[in-house]
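Q: For reference, the chains in residue letters:
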Amino acid sequence: MTLKLNDVTKHFGRFTAVDGLSLEIPEHQIFGFLGANGAGKTTTFRMIIGLLDATDGKITWNGENIDYSKSNYIGYLPEERGLYPKLKVRDQLVYLGRLRGMAKNDIIVELKDWLERFKVPEYLDKRIEELSKGNQQKIQFISAVIHKPKLLILDEPFTGLDPVNVEMLKQAVVDLKEQGTSIVFSSHRMEHVEELCEHLCIMQQGKPVVHGSLKEIKRSFGKKNLFVNADFNLEYLKDIPGVVGFKGLPDGCKLQIESEAISQKVFAAIQDKGFVRRFELEEPSLNDIFIEKAGESYE
Amino acid sequence: MNKFLIVMAHTYWSRFKTKSFLITTAIVLVFIVALANIQSILDLFGEEDEQKRIAVIDDTTNIFDLFSQQMESTDSNIELVNFQGSLEMAKSEVVEEEYQGLLHITANDEELPEATYHSNKVNSSEVGYLLQNNLQQIKVMIATNNAGIDESVIQDIYSPVVFETVMIENTTGSGQIGKTEEELSNARGLVYVILFLLYFAVITYGNMIAMDIANEKSSRVMEILISSSSPVSQMFAKIIGIALLGLTQYVLFIGVGYTVISLKQDEMVGGIFEYFGIADIEATTFIYAIVFFLLGYLLYATLSAMLGSLVSRIEDVQQLMMPVIFLIMIAFFIAMFGLNMPDSTMVTITSFIPFFTPMLMFLRVGMLDVPFWEVGLSILIMIITIAILALIGARVYRGGVLMYGRSTSLKDFKKALQLSKKD
Chain C
1 MTLKLNDVTK
11 HFGRFTAVDG
21 LSLEIPEHQI
31 FGFLGANGAG
41 KTTTFRMIIG
51 LLDATDGKIT
61 WNGENIDYSK
71 SNYIGYLPEE
81 RGLYPKLKVR
91 DQLVYLGRLR
101 GMAKNDIIVE
111 LKDWLERFKV
121 PEYLDKRIEE
131 LSKGNQQKIQ
141 FISAVIHKPK
151 LLILDEPFTG
161 LDPVNVEMLK
171 QAVVDLKEQG
181 TSIVFSSHRM
191 EHVEELCEHL
201 CIMQQGKPVV
211 HGSLKEIKRS
221 FGKKNLFVNA
231 DFNLEYLKDI
241 PGVVGFKGLP
251 DGCKLQIESE
261 AISQKVFAAI
271 QDKGFVRRFE
281 LEEPSLNDIF
291 IEKAGESYE
Chain P
1 MNKFLIVMAH
11 TYWSRFKTKS
21 FLITTAIVLV
31 FIVALANIQS
41 ILDLFGEEDE
51 QKRIAVIDDT
61 TNIFDLFSQQ
71 MESTDSNIEL
81 VNFQGSLEMA
91 KSEVVEEEYQ
101 GLLHITANDE
111 ELPEATYHSN
121 KVNSSEVGYL
131 LQNNLQQIKV
141 MIATNNAGID
151 ESVIQDIYSP
161 VVFETVMIEN
171 TTGSGQIGKT
181 EEELSNARGL
191 VYVILFLLYF
201 AVITYGNMIA
211 MDIANEKSSR
221 VMEILISSSS
231 PVSQMFAKII
241 GIALLGLTQY
251 VLFIGVGYTV
261 ISLKQDEMVG
271 GIFEYFGIAD
281 IEATTFIYAI
291 VFFLLGYLLY
301 ATLSAMLGSL
311 VSRIEDVQQL
321 MMPVIFLIMI
331 AFFIAMFGLN
341 MPDSTMVTIT
351 SFIPFFTPML
361 MFLRVGMLDV
371 PFWEVGLSIL
381 IMIITIAILA
391 LIGARVYRGG
401 VLMYGRSTSL
411 KDFKKALQLS
421 KKD
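From first to last, the protein sequence lines are chains C and P.
Under our numbering, the first residue of the first sequence carries the number 1, and numbering increases by one thereafter.
Under our numbering, the first residue of the second sequence carries the number 1, and numbering increases by one thereafter.
I should point out that these hints are in silico values taken from the structure, not numbers from a laboratory.
Take these hints with a grain of salt, some might be off.
Claimed, not checked - Calculated lysine-lysine pairs in the DSSO-like style (CA-CA distance at most 30 Å, straight line):
(1) Lys207/C <-> Lys17/P
(2) Lys88/C <-> Lys17/P
(3) Lys415/P <-> Lys58/C
(4) Lys414/P <-> Lys104/C
(5) Lys4/C <-> Lys415/P
(6) Lys112/C <-> Lys19/P
(7) Lys177/C <-> Lys238/C
(8) Lys86/C <-> Lys121/P
(9) Lys86/C <-> Lys3/P
(10) Lys177/C <-> Lys3/P
(11) Lys17/P <-> Lys112/C
(12) Lys273/C <-> Lys224/C
(13) Lys58/C <-> Lys19/P
(14) Lys88/C <-> Lys415/P
(15) Lys4/C <-> Lys273/C
(16) Lys104/C <-> Lys17/P
(17) Lys126/C <-> Lys17/P
(18) Lys273/C <-> Lys223/C
(19) Lys104/C <-> Lys3/P
(20) Lys133/C <-> Lys17/P
(21) Lys52/P <-> Lys86/C
(22) Lys150/C <-> Lys91/P
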């Protein structure tokens, strides 16, 4: 059950939303799909579930085209959340679940389990408009996964949730992965992506600019972060060749260096200036990679 | 269960359970029952049937007796009292409302009656009119008697001429050329009813469909819906779902209406029910009524669904529905004009324009003998139009439901079509 995108392109008139995107997402995997606003993420998702037709290229799942005959195996949590405000949680999920091919009784059983798990069993007979935004989001999440999809698309699933609820939903996502679901996950919160996804892709203006496993991406990025905490002014460090980024911190600075070797030069430059409390070389964070690859300046 | 049926059932029940639907239906039902019982309700409030006493001062010798006989024979509820006393006394009794009015009859030089009617209100002219009419007849009687003319001669003079309109039977062609006057007026009743039903159905249910779709868009639940079943099947599931809802409502109305009318059958002699004389209409006219009603609904419902998919806020629905409402209004007004001139060129031409066909072709079928090929052609044009609209509508719908923002222009129509295209 592998989702494959093969050189997929989408034009809207003269505008190119997605340009030559190729991906492969096997089961038991959470795939991070990143990109700045307007990079073509939502368009890609809409093409995957068949709401839009690709101009060029092919999207297959298990070797077959995706159409409405497969919709019972697909779960979708769109970025724009939406439920019927006037309907009760039970009626809402029964309707949406039946549209995904479930029987009414199974839906009620599953729904009760999920509400229990999210610690909100009392919402079964509440109307959506009575719930807080975070709780509406839980219901929306349940609506995307209640039919145990084989392919799940989560567009920004954690926005608007408090940390406790984020953990709860994250665990649910991981559990679904363990059960074999292929999950496409998009988020602007890099720490979530780093935590959940082994593979990812960063989109910029419709093109994938970074693509591969998280480790691989970090290694090939080359640049590293160097944290220096000292009692004296560290401004002059940014003039050392090989230092490409400088950010002052309350008790020191964060340097971005081209390669590990540069750290030696930096070390030499601060060696006899005074007391140094911290000198630490770190792998780049996904955040750094994203910011560099998806444009947007640091300062 | 098939997803089409799930969406259909959902559309039906979620609309059915709304308060506004239940209340509107209840109000109309109460109205129907009230209308059927209108006579009894009027009687409750009516003082009209009270016996009216009119004082008569007769300065002639014999007119009062003739006059009161005449009044009795006309079965009115006016009681004439021969007042013995002066004019002033009688007037004061009218002021005290002892009598409704006072009629003072005098004779002129030729011994013919003349009268003055005194009353508290000048506007209660109904009584005065009755009195005048009856007195007129007495005057005619006296005058002719005086002239020596026999009463039977008078009757001959006043009886209406026998005048009949008879249609020529054409045995060489397809039978009759036109319809008899009676058939025509019967058909007119049914045409009236269907025109109104169609007009209200399009406005009410077309609006409902557009609202339903705009609602799902504005609450953004649409994206989930169209990811689980195809937009086209959803669109038609909604159209059929709302159609069933309308059918439920109309069956209720007609059922209750029929029941109360049959309960009151004996009271309702004549009046509008004879005018509508629905019982005497040919079966084919009924079949055409159903066919044109369904086609008309489908046409306008598809159009409404397409427009509904273009807006993303409920507030914009009304604005986008305006052209649809104008179309049906134009059809309705042409039809109203056509009821009196069903064979005018304008009606003939417009009956082939698909948006007007359900009203105007039905009007022609009901009131004229239209060759079958013409009816068939208009039905064919309608079916083709519905198919084209459905095709475009489905594509617009598919793209339109993904569009958000203010949308009330034709540009959005193009944009929606573009969204559903490959490039």
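Q: Against this structure, judge whether each hint is valid.
A: Taking the hints in turn, this is what the structure says about them:
{"no.": "1", "hint": "Lys207/C <-> Lys17/P", "result": "49 Å, violated"}
{"no.": "2", "hint": "Lys88/C <-> Lys17/P", "result": "13 Å, holds"}
{"no.": "3", "hint": "Lys415/P <-> Lys58/C", "result": "24 Å, holds"}
{"no.": "4", "hint": "Lys414/P <-> Lys104/C", "result": "40 Å, violated"}
{"no.": "5", "hint": "Lys4/C <-> Lys415/P", "result": "29 Å, holds"}
{"no.": "6", "hint": "Lys112/C <-> Lys19/P", "result": "29 Å, holds"}
{"no.": "7", "hint": "Lys177/C <-> Lys238/C", "result": "44 Å, violated"}
{"no.": "8", "hint": "Lys86/C <-> Lys121/P", "result": "60 Å, violated"}
{"no.": "9", "hint": "Lys86/C <-> Lys3/P", "result": "22 Å, holds"}
{"no.": "10", "hint": "Lys177/C <-> Lys3/P", "result": "28 Å, holds"}
{"no.": "11", "hint": "Lys17/P <-> Lys112/C", "result": "25 Å, holds"}
{"no.": "12", "hint": "Lys273/C <-> Lys224/C", "result": "23 Å, holds"}
{"no.": "13", "hint": "Lys58/C <-> Lys19/P", "result": "48 Å, violated"}
{"no.": "14", "hint": "Lys88/C <-> Lys415/P", "result": "35 Å, violated"}
{"no.": "15", "hint": "Lys4/C <-> Lys273/C", "result": "56 Å, violated"}
{"no.": "16", "hint": "Lys104/C <-> Lys17/P", "result": "20 Å, holds"}
{"no.": "17", "hint": "Lys126/C <-> Lys17/P", "result": "17 Å, holds"}
{"no.": "18", "hint": "Lys273/C <-> Lys223/C", "result": "25 Å, holds"}
{"no.": "19", "hint": "Lys104/C <-> Lys3/P", "result": "13 Å, holds"}
{"no.": "20", "hint": "Lys133/C <-> Lys17/P", "result": "26 Å, holds"}
{"no.": "21", "hint": "Lys52/P <-> Lys86/C", "result": "61 Å, violated"}
{"no.": "22", "hint": "Lys150/C <-> Lys91/P", "result": "99 Å, violated"}
Going down the numbered hints, you'll see the structure goes against 1, 4, 7, 8, 13, 14, 15, 21 and 22, while the others check out.
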